[in-house]
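Chains as they are written, first to last, in my numbering: chain X, 1 to 283; chain Z, 284 to 632.
Keep in mind that a hint or two might mislead.
Unchecked claim - 20 angstroms max Cα-Cα, derived EDC-like pairs, lysine to aspartate or glutamate:
hint, chain 1, residue 1, chain 2, residue 2
1, Z, LYS449, X, ASP46
2, Z, LYS363, Z, GLU321
3, Z, LYS344, Z, GLU578
4, Z, LYS407, Z, GLU389
5, X, LYS117, X, ASP128
6, Z, LYS349, Z, GLU362
7, Z, LYS370, Z, GLU321
8, Z, LYS447, X, ASP59
9, Z, LYS363, Z, GLU393
10, Z, LYS449, X, ASP128
11, Z, LYS496, X, GLU151
12, Z, LYS449, X, ASP183
13, X, LYS117, Z, GLU506
14, X, LYS117, Z, ASP369
15, Z, LYS399, Z, GLU514
16, Z, LYS535, Z, GLU565
17, Z, LYS399, Z, ASP414
18, Z, LYS493, Z, GLU578
19, Z, LYS582, Z, ASP572
20, Z, LYS447, X, ASP183
21, Z, LYS368, Z, GLU565
To be verified - Using C-beta positions, here's what the derived DEER-type ranges look like:
hint, chain 1, residue 1, chain 2, residue 2, range
22, Z, SER631, X, LEU138, 40 to 48 angstroms
23, X, SER272, Z, GLU336, 56 to 64 angstroms
24, X, ILE15, Z, GLY507, 30 to 38 angstroms
Please keep in mind that the hints were generated in silico from the structure rather than gathered at the bench. Yeah, the Cβ is synthetic: ideal placement off N, Cα and C, and Gly gets one too.
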Amino acid sequence: MIAALKNRLARMDRIAILAVPALVYMIAIFAIPVAGLLLRSFSGPDGFTLAGYVSFLGDAFNWRVIGNTLRVAAITTLICLAIGYPTAVALSRARGFVQVALLVAIILPLSVGVVVKAFAWQIVLRRDGIVANILVGLGVWDTPQLLLFTETGLVVGAANLFLPFMILPIYSVLKLVDPNIQDAAATLGASPVYRFFKVALPLAMPGIVSGSSIVFSLAVSMYVIPSLLIGDRFQTLATLVGRSFLLMRNEQLGAVTASVLLALALAIVAFSSWAVRRKGDSR
Amino acid sequence: MTIRHLPKLSRRSVLAGAAALSAGSLASPSVIRAQTRELVVGAASSQRSWSEEIMIPAFEKKYNVKVVFEGTRSLVNLEKMQKNKDKQYLSVVQMDDPVMILAVREGLLEPITAAKVPNSASLKPGVTHMDGMWVNYLQPWVGIAYNTTRMAAPTSWAEIYDPKYKGRVILPSLQNTEGVMNLFLASFLKTGKPMAEAQKDMDAAFAKLKEMKANILMAYTQEGQAYNLLEQGEAFMVAGAISTLALARKAKGAPIELAAPKEGTFSMPSGIALVKGAPLPELGAAYVDMLLSPEIQAKVTEATFALPTNRTVPAPAGLSSLTVHPVDWANVSENRAAWVARWDRELSL
């Protein structure tokens, strides 16, 4: 019994060695600096203090910034999911040339820089741009409305940039699912709606969870995209962190803001994964 | 860096030095006979092109000296002076006015006097600071850049408040130096106080700026994006635009123009100072003097679209009556962070 356990541990150890390079790298460039940041957020002139957090959370403006950050990240994630899920299904069913073309179309835009895309959106979303022209042409709008430098513009642009990070994880799960399962459910009398909610969606859930986590984490911490698509008048936690360090030279405020951002992002990602898993287990 | 302190004695420099000594000793002032022939100027990299094309060649030719141009940023120059306090290697520094205040506080600068720098006597009022500790060699002025295909020239800073420009005005972020000038102008428009007093009344400034919230398309931190939107016609005005940037875009054919409003304007920081305890003090003073001279001022202002600070140099066409109000930079340095925090709270979307 003990010998068997020892044996298993020994085998795990050898495999765990494969993770050592990544572990060392991440500890050096990520874990240690983050620990330093957390320490900094608790240190005042007389040592340990919660004053930074008390004053940050006691300011109504900062709650508005937290609201901005979470709202934009959540809506961006939902848009990516709504567009990304059907795309991933199509990708997993496609074969041959069509599949290659779809994959290239999803992955290639990642090589175009964020700044270039932001400038492209600036042209598209202008009041004499193509979106405004179409909406006026269809009679949705009487006159062109402002889209650029609004929350709508930001969310649309961010969803465009992060879409591949939703599609690819869902696709990688779906391609392992036997397509005959759906047909089997149908022959057993399941309606399309029942099939979607009780068969397709649960099977895709691991991909949806990881895709949503990635997109949410990217969106909650994005810095360049809001500064180009909405500008200085809409602060998020990430832009506030940048401003505290770079302009105001207030390191504690920056460290506190960054820690709040980190805690919120971790909490939401962890909670949503846990909630989804629990639901899966209870069935 | 230490090697800079030593004169380089190549065969060519010895020959050149000897030639200069024999040729120049008859007719030229004493500075020419200085033995070390390398003058180090600490400046900003954005000043490199006109310095290397206009100022430095003229200076090197006249004084037979090699000018080493170290183009970095104002705060880096300050750091260099702090670190070499006992043995300075920079002779002249070109830095932003707020950084000059810090350098004066640390006792790093030598006053510019009319005895050392004769052209400093011809400077316009308001460009000599703290009893000559530094002077402004140029005035890149701030105006309203507008798209000429979308509107007629604005004549007043009040124009950006007109409701007909809903979503058509771009302002600089307060993170940018030119951004703070909108606060002063807003306060001036609201209270009618003299510009020097208006700079202190921030309650009035924010109250006025809030009136134009609907007009603000965005507040830029990257000027490239602002000019892009202006030239495409999505924005009609960028208020305050810096002459050096806006008129350079216009010269390249962009459909924009820079208006000089009747209330007057402010200029961007552009200070020059002598370093205390510097090597080659006479040559350093001669460098400042030449940059303030009418001939060089005329050429540099033409290349940079800035206003001259030597009052004997005529202002560019149409700008002779433009008033440039002094900015209280000490006030700006002290309160900038509080103003930014207030902007975020009161002018956000």
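Of the numbered hints stated earlier in the document, which are not met by this structure?
1, 4, 6, 8, 12, 14, 15, 16, 18, 20, 22 and 24
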